[in-house]
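**Q** Read off the chains here:
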Amino acid sequence: MIVDNAVYVDGLRTEPPSLEETCETVRDRGGFAWIGLYRPTEDELGAVAKEFGLPPLAVEDALSGHQRAKVEKYGSMLFVVLRPAEYVDETEKVEFGEVHLFLGDDFVITVRHFDSPDLARVRRRLEGDPALLRHGPVAALYGVLDEIVDEYAPVVAGLEDDIDEIEDQLFSGDRGVSRRIFELSTEVMHFQRAVDPLRDVMGSLRQGLLARQEDEDLRDAFRDVEDHVIRVTERADGFRQILQNALTVHTALVGQQQNDEVKKISGWAAILFTPTLVGTVYGMNFRIMPELHWAFGYPYALLLMLAMGVGLYVIFKRKHWI
Amino acid sequence: MIVDNAVYVDGLRTEPPSLEETCETVRDRGGFAWIGLYRPTEDELGAVAKEFGLPPLAVEDALSGHQRAKVEKYGSMLFVVLRPAEYVDETEKVEFGEVHLFLGDDFVITVRHFDSPDLARVRRRLEGDPALLRHGPVAALYGVLDEIVDEYAPVVAGLEDDIDEIEDQLFSGDRGVSRRIFELSTEVMHFQRAVDPLRDVMGSLRQGLLARQEDEDLRDAFRDVEDHVIRVTERADGFRQILQNALTVHTALVGQQQNDEVKKISGWAAILFTPTLVGTVYGMNFRIMPELHWAFGYPYALLLMLAMGVGLYVIFKRKHWI
Amino acid sequence: MIVDNAVYVDGLRTEPPSLEETCETVRDRGGFAWIGLYRPTEDELGAVAKEFGLPPLAVEDALSGHQRAKVEKYGSMLFVVLRPAEYVDETEKVEFGEVHLFLGDDFVITVRHFDSPDLARVRRRLEGDPALLRHGPVAALYGVLDEIVDEYAPVVAGLEDDIDEIEDQLFSGDRGVSRRIFELSTEVMHFQRAVDPLRDVMGSLRQGLLARQEDEDLRDAFRDVEDHVIRVTERADGFRQILQNALTVHTALVGQQQNDEVKKISGWAAILFTPTLVGTVYGMNFRIMPELHWAFGYPYALLLMLAMGVGLYVIFKRKHWI
Amino acid sequence: MIVDNAVYVDGLRTEPPSLEETCETVRDRGGFAWIGLYRPTEDELGAVAKEFGLPPLAVEDALSGHQRAKVEKYGSMLFVVLRPAEYVDETEKVEFGEVHLFLGDDFVITVRHFDSPDLARVRRRLEGDPALLRHGPVAALYGVLDEIVDEYAPVVAGLEDDIDEIEDQLFSGDRGVSRRIFELSTEVMHFQRAVDPLRDVMGSLRQGLLARQEDEDLRDAFRDVEDHVIRVTERADGFRQILQNALTVHTALVGQQQNDEVKKISGWAAILFTPTLVGTVYGMNFRIMPELHWAFGYPYALLLMLAMGVGLYVIFKRKHWI
Amino acid sequence: MIVDNAVYVDGLRTEPPSLEETCETVRDRGGFAWIGLYRPTEDELGAVAKEFGLPPLAVEDALSGHQRAKVEKYGSMLFVVLRPAEYVDETEKVEFGEVHLFLGDDFVITVRHFDSPDLARVRRRLEGDPALLRHGPVAALYGVLDEIVDEYAPVVAGLEDDIDEIEDQLFSGDRGVSRRIFELSTEVMHFQRAVDPLRDVMGSLRQGLLARQEDEDLRDAFRDVEDHVIRVTERADGFRQILQNALTVHTALVGQQQNDEVKKISGWAAILFTPTLVGTVYGMNFRIMPELHWAFGYPYALLLMLAMGVGLYVIFKRKHWI
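Residue numbers (full-length UniProt numbering), protein chains in the order written: chain L, 1 to 322; chain R, 1 to 322; chain S, 1 to 322; chain Z, 1 to 322; chain A, 1 to 322.
Hints were generated in silico from the structure; no laboratory data involved.
Do not rely on the hints blindly, as some may be mistaken.
Only pairs whose alpha carbons sit at most 27 Å apart, straight line, appear in this in silico DSS-like list of lysine-lysine [claimed, not checked]:
no., chain 1, residue 1, chain 2, residue 2
1, A, Lys263, R, Lys263
2, A, Lys264, S, Lys319
3, A, Lys264, Z, Lys263
4, S, Lys319, A, Lys317
5, L, Lys50, L, Lys73
6, S, Lys263, R, Lys264
7, R, Lys263, L, Lys264
8, S, Lys264, L, Lys264
Output of the computed footprint for chain R on chain L, the stretches with three or more beta carbons under 8 Å from beta carbons of chain R [unchecked claim]:
no., segment
9, 260–271
10, 277–291
11, 298–310
We put the CB at the ideal spot given by N, CA and C, even for glycine.
Full structure from sequences and hints, please.
**A** In structure tokens form, the structure reads like this:
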């Protein structure tokens, strides 16, 4: 579906009635066109591709999806793949989207397959800054990049929350922690796979597209995004390390816990068993056993049993065995 | 065995009757020859090598096999080794083949030692695209590369299925999971060894063969294949990491399971043992033990035993020990 | 808050009454201005930014904080982010601050969000060395860098103390050691994340700012700071390795401890149980059992029990089981 | 000991009677000398060194041994150290030799300290290929390199056999497997240390010696050797990874085995203990216990004991506990 | 303390009476001065620094110590820090010293803070080789480097001995082995930290100082030292790997040992417990129990007990449980 189709001349928006007239408008009045597509069918994307002469291999990539973040040069056109991410709190999963951009000299086409990121908002924000839009398609690229990278922040925060919870779980002996560490590690790995290639993307934009750009402000803006990307990747790598350590610590703690339980169990076993010793003694059949003839022999034996049990209980309690 | 022998002039197929006439045809009418060999004997390959002046060291490699993916320049000829892979679901193994290509200015010779990949299909596909075939031997190289790299997708999918199953097994306490992780790790490692060198192959083709190529479409097509290769290697590396984590988690889980079983066993031991305590008490020989003279002393004792056993059972059940 | 505002002409301090006159003074008399800000409000930093034409993106970074150590070039201006650290002994945590510097041709603006480092002291020290101050804003940068890097030394010392304590705890069987290793590893990781980027910062200062500097002494001074930074990062990496090893050793020790306890417990179980064997024997109901009729049969049995218990105790003690 | 001393003119062998005449022959008739030394004494090597003007530091290295594989340029001379390896099946050890080559413009001196590799065979093979020998000393270098690298193949095969055996041992619960993994890891590490530097050696030969070589065949031949070296190093690295994984899996398996044994032992304990419960019941002294007066009370009790034991045995057997 | 002060003209030693005259001698007669300092006070080093115009930052480093191995260029002067090491067998520790060298065009100043290395011996050795000394200060640098690097050999040997002992300990079940591995790992890490930067030092000497050197012998001599350094670092890295593996193996062995002990203990428990079963049977109070009335019933029961104990003992012994 074509969700938006506008031409920006000197940073100001005009809306041509159809795709064909979009190109004419640009040819006649200068500026650049920005077509926004949402889950386009093969035909829709094909029509746009034909109109703007998009490279077939890139169009195929945009249709099939499952690309990694990358930037590819086709003649004077650029094809950029970005991977927005969203943290879903209920499932503790990170969900990944995919955004494709085709950048020509006088057009930009954005293809979105998932709800997020909200590219309409990006467009509105840029439309409020004509000075920026005047830079042409590269301004749209900046807007989308900035939005997507900003959206990584809540993902990082969500992962960090989970890791904080895991640290607490770890030392409280929670049994489910190994599963949680394992699953979160996998999430972090997927997040790293989405974000890490973006460093290369930013780097090659810097050396390619932006090196030709005369405006320094725009270069600074892209550098700011790159700086964000680096921070996100470093945080993600830190998460990976903490989770790795947590796993090793967890193994040690399971062993420690086992030591505690073996102690506790054998303590109780001793408490239970010692009275038996008394019973066995007075169950012997020696002819001469004075206690057996005492009037209070039986209560005495019972008390002795109890005393031994309680005595051991106190000793073990003091030693923190039980 | 020579399975196919054709000359492509201007992208169109002609079939010379013999190997000797193949060369003549190329010399007379231009275009390039494409000889397809399947498990050639030393003599068969020798005949082809003599006809086309193939480099002896490369021929030796093609005969002995067990090469890694590589590209080697011999004068104006290229020798390319590729390693197709196939996932065998029953054994959960990845099987590797080997394809060798000799690329000259006006010929390409493909040597195949295994059933897959289906090079006849590659040839048919290319024959259906004369514009592509017009680029000469490099088009054949592209076709074979594209086929082999596409065939990695089901391998990746198969490995991913296994890993998903392993994740489930891991937390269900399946005993065989350590062996499965170990064996799958080895498969993933072999797969990485087959695929990782392909990144270098694609890189050196890009810088060598393709840098001379004027046609941009062909360069884009190779870049598309390279992009696939990168994605496959990244996935494989992700598998390696997940399996590594799974192994560590498994160790922790084995410890946890042990804790559970020690608890369960000692719980049952206590349930069995406590009645003995009663029996030992009433087995004592004190002269004065009122219960012994009760009419229902014996049933009382039995009930007491039962009550203690059941009581412990309930307590342990509530504590989730047994 | 603007905590200091001075102009240094030929290395000597003069204090203009207001921000506006600061710029005038510099314009009239040469030298450079050094404005010191402490937790500035948006308005305060905005006023300074307007006066000196600071780049908006850098100003935004300085306001929002949470930056990594970096140096960024904006035209002829430099924006430098540094991350001072402080070791808090009670909590065994490392706390991180953030200092931002804007370096222009004739001004330097330092923004501080935390109590440490004491930039007033840095300023006083530099004011005592007019020869150094004569180099202009770069001298202020040197002073701040030197102070911050020197302040890493007590952090390294504090971490090292903790690690020494952990080594002792490790082999004394202290149960809390796994938690401490885990938490200290996280601290070390955070410290590495603060310090490691500083190597790049120093490197790019060396290649950028300092390559233009003619004065060799200043270059040597920066190299000295860089050398300190390298040593700090190497120490931190060493800590990481030791803690990693300590964790692995700890896992092995927990297992060893378990072996010891199982031995100890089963030793005591044997000591307790063996007397029961005697009791069970003399509790048998055979008609002819001579011992039962002995005058001292009962004391003999008790002694036998005791002897067996003591005998086992001695044996186990010698074997270091209990 | 000087084991061979020949001059090759135009690829054909002549044998000068003494060392001194060797040099004369070369000077008069061209070609190059090839001196083969086996465990030379200091004097023997000294005499050769003096005759050919070998660099003293290289001579010292050749005498003392324990070098790593390397290539060093001394003026127009090359000093090459190679490390042949041999797999000893009985001890499962890899044994390493050392071969030194001095390459001048018109001579090559090979020094061998161990029985393998058989340099006489290398020489005979080269003598059978005068075209190759005509390239001069570099042909001898190629011959030795080729032999040594070919000799790595049985080492790799031997290590692989051991690893296959270890995989089997691992899952059959063999106790000695941890020692074997440890020792084989050490062997693999030593092998890597011998082979890995050879990649650099081949690389610097390619960029140094061979860049000057006009003959393409020789360059291809060296590339072929380099390709072998790369494959060997990749295999060795794969071994390292598999052994690493095997060690981790082994730790998990030891834990699993422990779980099994604890279950088995406690199962048998329950089988032994339950009859005691019956005995304890009928050992109570209640006045009224009907069973005690039954004619077949005793056999009934014995049967009850047996039934309980057998019952538990069957239950545990079904649960695969014992 | 100034321990030696000499001027070498044309490789021959002359001894000026005082520091001041040293400089004069060099000015008048050429050659270079070599001042040897041992634990200099601030004043002593200050006097030398003033006389030779040493850079203040380097002098500060030399006074405070705790530097890493490095080489720094100050104008035409070089400041070199080296870290000699010594293995102390009793404590199994490696002790590290520090040597500082100031190299000018016509002087070298060596500062030593520890007993080793014996720089007097270095000086004597060089004085015996005037041809070498004629190269000036760089000859002294070579001498000191060579000595320090040679002194690493016994350290490597000492560490290797310890590792061999640890391998033996590991499989003999020695309990102290985990501590020893941990401590030796730390030693190896410190050794690596001392030696690894030396590779960079040698590299930058090669590219800086030595690139200007015309004499090839001297370059070869430095390369020889660099080669030693590389071998030492590789050995140290090998140690690190072996110790890492030993730690993992140790964890597996502790688990295996536990399995053995649990078996042993439960074996003995069964041997002790089975006789109780007999006693319990004959302690039952059934009216009709024929054995109780046998004349030899009691000895029969005792024999039965013994037989069962011995029987189990034999069975367990055969199964290698006890």
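**Q** The structure should be examined with respect to each hint, and the outcome stated for every one.
**A** These are the hints, each one checked on the structure:
Distance check on the hinted pair: Lys263 of chain A and Lys263 of chain R sit about 18 Å apart at the alpha-carbon level, within 27 Å; holds. A C-alpha spacing of about 14 Å is found between Lys264 of chain A and Lys319 of chain S, which places the hinted pair at or below 27 Å, so the restraint holds. Between the alpha carbons of Lys264 of chain A and Lys263 of chain Z the distance comes to roughly 15 Å, so the proposed pair stays at or under 27 Å and holds. Pair hint Lys319 of chain S plus Lys317 of chain A holds up; C-alpha atoms about 20 Å apart against a cutoff of 27 Å.
Between Lys50 of chain L and Lys73 of chain L the alpha-carbon distance is near 18 Å, which keeps this suggested pair within the 27 Å criterion. For the hint pairing Lys263 of chain S with Lys264 of chain R, the CA-to-CA distance comes to about 21 Å; that is within 27 Å, so the pair holds. For the proposed pair Lys263 of chain R and Lys264 of chain L, the alpha carbon gap of about 10 Å is at most 27 Å, so the pair holds. Between Lys264 of chain S and Lys264 of chain L the CA atoms are separated by roughly 13 Å; this keeps the pair inside 27 Å, and the hint holds.
Coverage of a stretch by a chain is defined here by at least three residues with a beta carbon nearer than 8 Å to that chain's beta carbons; for the segment 260–271 of chain L and chain R the count is 5, and the condition holds. Note: the segment 277–291 of chain L has 8 residues with beta-carbon separation from chain R under 8 Å; the three-residue rule is met and the coverage holds. Taking a C-beta to C-beta cut-off of 8 Å, the segment 298–310 of chain L contributes 4 residues in contact with chain R, enough for the three needed, and the coverage statement holds.
In terms of the numbered hints stated before, the structure departs from none.
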